[in-house]
Amino acid sequence: MIGLALGAGDLEAFLGTPLYALPLDAFRILAGLVSFSYFASVLREATDFSSPDGLIDHRLSQRLLPPTRLGLFQPGISAGALRVVLALACLASLSLAAGYQVKPAGVFLFLVAVSTLRWNMLVTYVDDAIMHLVLFWLILLPVGQTLTVHEWLRDGNAVFDAWAGVTVPGGATRLFLLNLAIAYFVAGVYKWTSPMWRGGSALYAILKLPIALAPDFWKPRHLPLIRAGSYAALAIEPFFPLAFVLPAGSIAKWFMVASVVGFHLAIIATLKIPFANLAMLGAIPIVLHDEIMGGVLGHPLPPLDAGAGAFGLPEYAGLALVCCLVLMLLLEVRFMGRLTSPGLWKTTVSGFRRNPMCVVLWCVGIAQSYRLFDWIDRRNHHALYEVIEHLPSGSSRAIEPGEVFPRTIRHVLLQSYVHGSIWHQIDPSGLREARRSILGRYARRYAQRHRESGRVEVFAIRQRITPDNLMLERGVRRPLLRFSVAGGVPVLEYLCVEPTGEHLEVQEIVGLGSHPSAGRRTAGR
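Quick note on our numbering: the sequence shown kicks off at 581 and runs consecutively.
In short, the hints are calculated from the structure, not lab data.
Note that the structure is a prediction, hence the values are computed from the model and not measured.
Every clue listed holds true.
Simulated pairs of lysine-lysine, PhoX-like, Cα-Cα distance not exceeding 20 angstroms:
no. : residue 1 : residue 2
1   : LYS799    : LYS852
2   : LYS788    : LYS852
3   : LYS788    : LYS799
Pair ranges (Cβ atoms, derived):
no. : residue 1 : residue 2 : range
4   : ALA659    : VAL906    : 37 to 45 angstroms
5   : VAL687    : GLY1067   : 44 to 52 angstroms
6   : ARG1057   : ILE831    : 53 to 61 angstroms
7   : PRO684    : ILE831    : 41 to 49 angstroms
8   : PRO775    : VAL687    : 42 to 50 angstroms
9   : GLY656    : VAL940    : 27 to 35 angstroms
10  : ASP796    : TYR896    : 44 to 52 angstroms
11  : ALA1066   : THR1046   : 38 to 46 angstroms
12  : GLY1010   : VAL876    : 53 to 61 angstroms
13  : LEU907    : HIS879    : 35 to 43 angstroms
14  : TYR896    : VAL746    : 21 to 29 angstroms
15  : PHE819    : GLY660    : 42 to 50 angstroms
Ideal placement from N, C-alpha and C gives every residue a C-beta, glycine not left out.
Model the full assembly from the supplied sequences, consistent with the hints where possible.
Here is the structure:
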């Protein structure tokens, strides 16, 4: 059995009991392929986010969130150097999947993933969090013993018979599954703290947010079906860890595994969160270790032998990580006083002052908060844009809003700071500075793509997706940004630095191409 069991005897002996290597290396291959797709995505978006000339002022970000300064990427790094590192990460991911130089590749990928997460902290989300955690475990797991391309090219298909009998210490693998169990359990339990989840409207609100693949598809007529899905998630997600401990081949285990798979596939099909869910699905071969090796391949499972398992540095490191994660969660509950949703979801940075385990994990390179979608009551901001271009001829035309504000998930996260949906603890003055920077850089992005335009006005229609506003009929239209373009340079006229729109300030933003004659003034609504 892969999971922990009562009466297992000595902890080290049980954890170290050997496992067959094939399921672990199947996970390695899947994780390597997902890692390649993830870093290719980060590389593709580098112009907008990772580049020093992109939408994020990284110097400002590091000043507002000081812990993010710990990383390979520092202000002054060139866009070309960043792209080279990300391209090397893509190659290292393929090397990991192929089984070549597995440990060096894993270490390099982990360092790049951690540094990318911190460099782009303002637009970090669950894909980044899960990917860097998976890469950390791949350093500890005894992978690379089987399913390697170079051995298959050398020995042909006959090598599969040899691979089927290879065993490795099981300690790190069992601790990895324990980490996954904690993630599932915490994410499931914390949903019960959300009034919208308990009321059945949370999933509908999530599907209407821009993080969904088709937010315009879902209508109130779908609410009964979606409400059933909300209640199903509430009921079953906290019990996903049972998939790791139920008897091999039992109907209950197959039901739980099928539920886990269906859960992740449903998220992949509806939300823009592919990499985290694919990575979690990659662990299914490990969960089905006994069924694959005993039932499909007919190999007898290694017995629980007190003298069989090695318990070395990887196992101790994995055990330390799991203990730190558990302590972090317990301290979080303690400091909150009760199990409830915090004012800020991203506790990995904002929780430094109250939770020392956050500091320990951050220094190691781990940034984890298993609070998945319990934030919907506080982060259910819905924003649409209207963009109008006033031409020199005096006529006007509507512009596709995505030309100014794209709707990919990282863009949506960055735009959320403008609308008052704040994911990190930032003081009000710093937040206003961040909003000025974000809006100014979006104007510059547009100007670089439309070098000769008229005056561009952007309006935001903001509202909250709440149980009494599922039809989205309470939107308030307010001006957000106005600028003109001359030779690819934006001339900023005004931008909104308050999410409620009470204060519109004309800002002269150094380095963003603001007209030198543009003064500072405040206009009413």
